[in-house]
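Chemist: Read top to bottom, the protein sequences are chains A and B.
For the first sequence, counting from 1, position 443 maps to 443 in this note's numbering; every step adds exactly one.
For the second sequence, counting from 1, position 70 maps to 70 in this note's numbering; every step adds exactly one.
Please note that the accuracy of each hint is not assured.
What the hints assert, rightly or not - Pairwise CB distance ranges, derived in the manner of DEER restraints: (1) Asp692(B) x Gly26(A): 50 to 58 Å; (2) Thr151(A) x Gln16(B): 41 to 49 Å; (3) Asp58(B) x Gln16(A): 50 to 58 Å; (4) Ser14(A) x Glu150(B): 48 to 56 Å.
None of these hints come from the bench; they were simulated from the model.
Remember, it's a predicted structure, so these values are computed and weren't measured experimentally.
For every residue, glycine included, the Cβ atom is placed at its ideal position computed from N, Cα and C.
There are 2 protein chains.
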Amino acid sequence: MEPSAVPLHTVGTSPQRLDAREKVTGRATFISDLRVPGMVYTKLWRSPLPHARLRAIDTTTAARAPGVLAVLTAADLADCDRYFGPAYKDQPILAIDRVRYAGEPVVAVVAYSEREAEAAVALLEVDLDELPAVTTLDEALAPEAPLLHETLRPAGHFRDLANMRPIAGTNICHHFHHARGAIEQGFAEAEVIFEDVFTFPMVHHYSMEPHVAIAQVGNDQITVWASTQHPFPVRKELAEMFDLPLARVQVIVPYLGGAYGNKSYTKIEPLVVALARKVGRPVRLALTVEESFKTVRRAAARVRLKTGVQRDGTIVARQCTAHYQIGAYADVGPRVAQKAGYTAGGPYRIPHLHIDTYAVYSNTVNSVAFRGYGVPQLAWAYESQMDIMAERLGLDPLDMRLKNLLRRGEMFAPGDLPIDADLPGDLRRAADAIGWGQPLPRGRGRGLACVIKAPLAPSVSSALVRMHADGSVTLLAGTVEMGQGARTVLSQIVAEELALPLMWVRISQPESGTSPYDQATSSSRSTTLVGLALQAAARDLQQQLLELAAEQLQTHLTHLTLRDGGVEGPGGRLSYADIIADHFGLPGGELIGRGGYRGERGAPLGGVAPFWEVSLAAAEVEVDEGTGQVQLHRYISIADVGKAIHPQQCEAQEEGGVMMGIGHTFFEEMIYQDGQLLNPGLFDYRIPTMTDLPGDLRSILVENADGPGPHGSKGIGESGLMPTAPAIANAIARAIGVRLTALPLTPERVWQAMRAAQADQTA
Amino acid sequence: MEPSAVPLHTVGTSPQRLDAREKVTGRATFISDLRVPGMVYTKLWRSPLPHARLRAIDTTTAARAPGVLAVLTAADLADCDRYFGPAYKDQPILAIDRVRYAGEPVVAVVAYSEREAEAAVALLEVDLDELPAVTTLDEALAPEAPLLHETLRPAGHFRDLANMRPIAGTNICHHFHHARGAIEQGFAEAEVIFEDVFTFPMVHHYSMEPHVAIAQVGNDQITVWASTQHPFPVRKELAEMFDLPLARVQVIVPYLGGAYGNKSYTKIEPLVVALARKVGRPVRLALTVEESFKTVRRAAARVRLKTGVQRDGTIVARQCTAHYQIGAYADVGPRVAQKAGYTAGGPYRIPHLHIDTYAVYSNTVNSVAFRGYGVPQLAWAYESQMDIMAERLGLDPLDMRLKNLLRRGEMFAPGDLPIDADLPGDLRRAADAIGWGQPLPRGRGRGLACVIKAPLAPSVSSALVRMHADGSVTLLAGTVEMGQGARTVLSQIVAEELALPLMWVRISQPESGTSPYDQATSSSRSTTLVGLALQAAARDLQQQLLELAAEQLQTHLTHLTLRDGGVEGPGGRLSYADIIADHFGLPGGELIGRGGYRGERGAPLGGVAPFWEVSLAAAEVEVDEGTGQVQLHRYISIADVGKAIHPQQCEAQEEGGVMMGIGHTFFEEMIYQDGQLLNPGLFDYRIPTMTDLPGDLRSILVENADGPGPHGSKGIGESGLMPTAPAIANAIARAIGVRLTALPLTPERVWQAMRAAQADQTA
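For reference, chain A alone in the conformation it holds in the complex:
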């Protein structure tokens, strides 16, 4: 039975989210709600300086403060590997000899209460010897720049592709190069060449829940309740650091209060485990919002684009040189430079392409995974430049894009998945929806943008589906619910496969001890790839049911179909409960289906993309020429989902992405001065509110069933925010003829750009 050939019952409908009721009634359990018996608390002393040597730490007074159990520095934790990091193991759990950014944890106080820990932190005396710091790309890349990491850690600590390494004697954490064609020849053939530079600021994820972790260590095992999107990679890193078999490390993940990449891989977990191991009690660390700002951010970027085109708009050659300003430690910085860099040509046909991207260390807070994984920074550049080029060539930006957009089946890069979406069709839908080409009053303009992102590849997911004696099922999968609605969608996929109502399906909490392996809840992959693993597990179970039913009904299984919680054939109907009861001869027993997804390996980055995440948008703005204030009136986001398993969630996730994109487009920027982050909190760091949303905000679902996932689905979720900034900037440019190349598009910047443009015209 090929379920997509029969009418769908659950898939494609929008039932109430499984976690809706408990979340709106405040009963859902987040880690912050957990209390582990005997649990104690830690607070951290963080470096006030961006770069310094640690001369001495006097813990005497703090250690004697009321309620204090232990005051620990890196020196006290030397009996484990104190370095961690997903790509390079270059980040110490507490500063060792040196601090590299203002906010870096140096000393941990463990006490019976958070208040006591905090009070004792104030009693610490830390003697620092300040070093020159680099807090901008220019400073970090200067020839004589102070270096953050003079000596490279041993080779074993670089865990990714063999060529992923810092460049010795520089602050370059990784240089990624990718090319095809012959770039010089390409520029020689081009009729017009454009060169532009765009910048994207540091921004913060601002998930509602800052990082929290509780660790319990003992009896040769570690248990961590972690706010992580990566329970299995966190398990692996902890097992390595603390020298235990993987089976001895449990990572349990209750609901996350948002993540957007900030809870990717290990963050505070290694420290909390090291402390719990030391004090012999469960230890809890819950960051404040300010501490969260000092823990994670998106890489800032400067992108230089040189693009050669013909006068008819055909792109011939592109050279992209992008610098991602990462923080003091690598985290996924090198991977972002690589993975995003790989798509710097955008979703376009470019015969000659030459890409160099760099991840550059600086004395600032670490940049980590963030929705879009480096692509929004590049898209901001290439989709702004697309309009610059169209305008200068006198072409319609829609037409120019359509001319260059990759068609379905065209190669993106040799050895990788051919294009699996109808990009021109998608773009036309965006244009149609915004009323492209229709007249607008003065001060208004419309803009378009198209983006492509390569997902994490290859990746692996396993899944189990357990059918209980009454026919209801429990799914075991490692996907983390972080607000995206994964639990509901994955349950729908299995309910569909097994012809069960959603109420009869339950998905268990991700826990490395009991959930089958899943590589990551990231990269818009869960519906598609964990969905495939679960679908395979459900089909394995289906097969078992059909075989048993065929025996029990004395027929061949090809005559049988699954319907309404039972198996039907010419000889009659058996409910699943009947089948199981007959098989076991008892009121109990269960059938277990297992399934997996394993990504294909391939060039050039190691894995073939399972699908391309495409992202298209159209915006309409109005600019107040007196103040520079931009009002976003309308915004159309195209969600090319292949098949919407839960349409309402697809739309909502896309809209959430757009809202986040509106944030970095208009408001958000982490401001550093003298190495100090000036706005680590919501008073000074402005995120969008509901009143910042356009009156007409729509996400249009494109369902061409062209994804590899269940029922033709493919991933969205990051898509919403990738084209937002250029679509809006392009709309502004078409409204008032002014081009901005730096985000955010504050009224001040817009006003100054208008003044500059007027001055140019006057001059």
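Place chain B on chain A using the hints.
Modeler: Quick look at chain B alone, frame taken from chain A:
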């Protein structure tokens, strides 16, 4: 590869228990240690009368007491099925219209703290109309006895075999009949006929941890942290009562602080769920020791045995009529009458056998499952009578037993498993170890006893073994760790199968949401039957490893063997980590093995015994003829384990059983007067202490590899206590010529029996 054919590495050794360190350091988590966010507490108002109508309950004052959230009676809980019970659904969660024993829960107060709940309980006013009560077997069986259950509940509420039903118009909860041969003919053929009556008192399990449960209800699901040996049957009962699919009910079981049957099936869980559902918060109920005494006990019994023998000691015929005095509600009472009754012939060849056992309701606390499941009561009778007969016939009790003991392969009952143990050999080992036949000083005597018990059958267990990327494994099985060491033994079985060190194996906590189905942690079944399920799962995994390795090493899998965490063959060696890494091409991924055990159905009780649990003992006592004080000097317990997976645990479990047997032999008895339990606590209810143990207490492991479990293992654990009382009584009889037929063998009883015997001699 047949692992039992190769040298064993882990199985058969006695590594440190996996839970040893956390338990001795007090860090192990029991339910009592858990705090669920938002949790509130309940205390119960219990009936002071053994039998009464509920006239009125005034909750007004209690409801207004400080901290009180709700005061609930059965009437408030009428929106669910308020009756539960594993065999008959005859027990209300709170008394409905009527109370049937002193201590029965009537009203529940839910408050913010236990203290507040308790204070409010004292403010309840309950108007009871006393009814005549029956608190002994004679009262309950009297022709005009007041009935506990005048009307039978609907048929759907009797969940066991079709013939398991109360007898209308009586207090007989169930009558079990089993026979073979022709009993009258048998007695006619016999040369001598013996008739004796033996009694066994009510005793309490006294596990260190009384019953505790926490329930959380909401979002269409129930989560219960329960101190239960039966997570899956508890799930089933809750799903039925509260009308949810099984997948929506989670039963989580941390360590139990002892059980011995008292935590079989549902006890306080349905009430706690009903309360949590009502108040919309997690509710915790933790019984006190006194409340535990008013919740569970072992059935008292009166056993009438009529046995016909030849003068050479050959048993010809036996009629057994046993009455089990159960409490106010059935619980497993009917099953105990049936299952134990089935073995009332003992491990002997008896051509003509006629058994009637009765479970009889009375106005006392419920009798529930208790180590031995009704067999110790019968064994007390038939093994005492064996010595009575031997003595009167002038035969050696050892010889008489050997003459009648069933041989390996002999039929126990038609359609059931033939005898799978060397009973004569086992008995000889016991006799040899105690020095049977060697001279003894005056006042000393030796006694023997042999018992057989039928395990739960048929039963079902499923298991999963997950191998992680480094080759370490997590076992998922539903077995509850209640001190018996199951986690260690099951881990050893898998470690052996996969050639891994024990440290690389972890077993997860039983939780119905994530552990595969397991019918029960009871009936000495886990090592053998869950062991088989896990072994099958490990072999499934083995096969996957061998297939992958064969491909990777380019050889045929028959050339490969598993050794030291890897696969070796002529072409080289691959660690499991290598095999997995090569298969997935990534640092993560896992292989999942699945396996199951499914018991064979068959006559006469529905399932064929997977093995016979046999139990043999020899005791040596000294009786102080002045005081009647009996000193147990030596005790030999034969643990016929087939194969000891963990010899030290086998010995310890057997010794623990003996100690429990010493309790009911010498000290324990729940005393009722006017329907009131007089000794519900350790001041008045004496259990054995270390000083009551014999100086020479030995358990001898018999390892004939004749069990069906991994490596030939079979179940022990109940065995230790089944022959204790008759072995000791027989030793007393041989020491001082006095036969006791009622337990416990207090100095007073022994002294009075001696006086009576002297009076007889004098007369």
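Chemist: Now tell me if each hint is right for this structure.
Modeler: Hints versus structure:
Asp692(B) and Gly26(A) have their C-beta atoms about 54 Å apart, which keeps the hinted 50 to 58 Å range intact. At roughly 43 Å, the beta carbons of Thr151(A) and Gln16(B) sit within the given window of 41 to 49 Å. Look at Asp58(B) against Gln16(A): about 42 Å separates their beta carbons, and that is not inside 50 to 58 Å. Between Ser14(A) and Glu150(B) the C-beta distance comes to about 53 Å, which sits within the given range of 48 to 56 Å.
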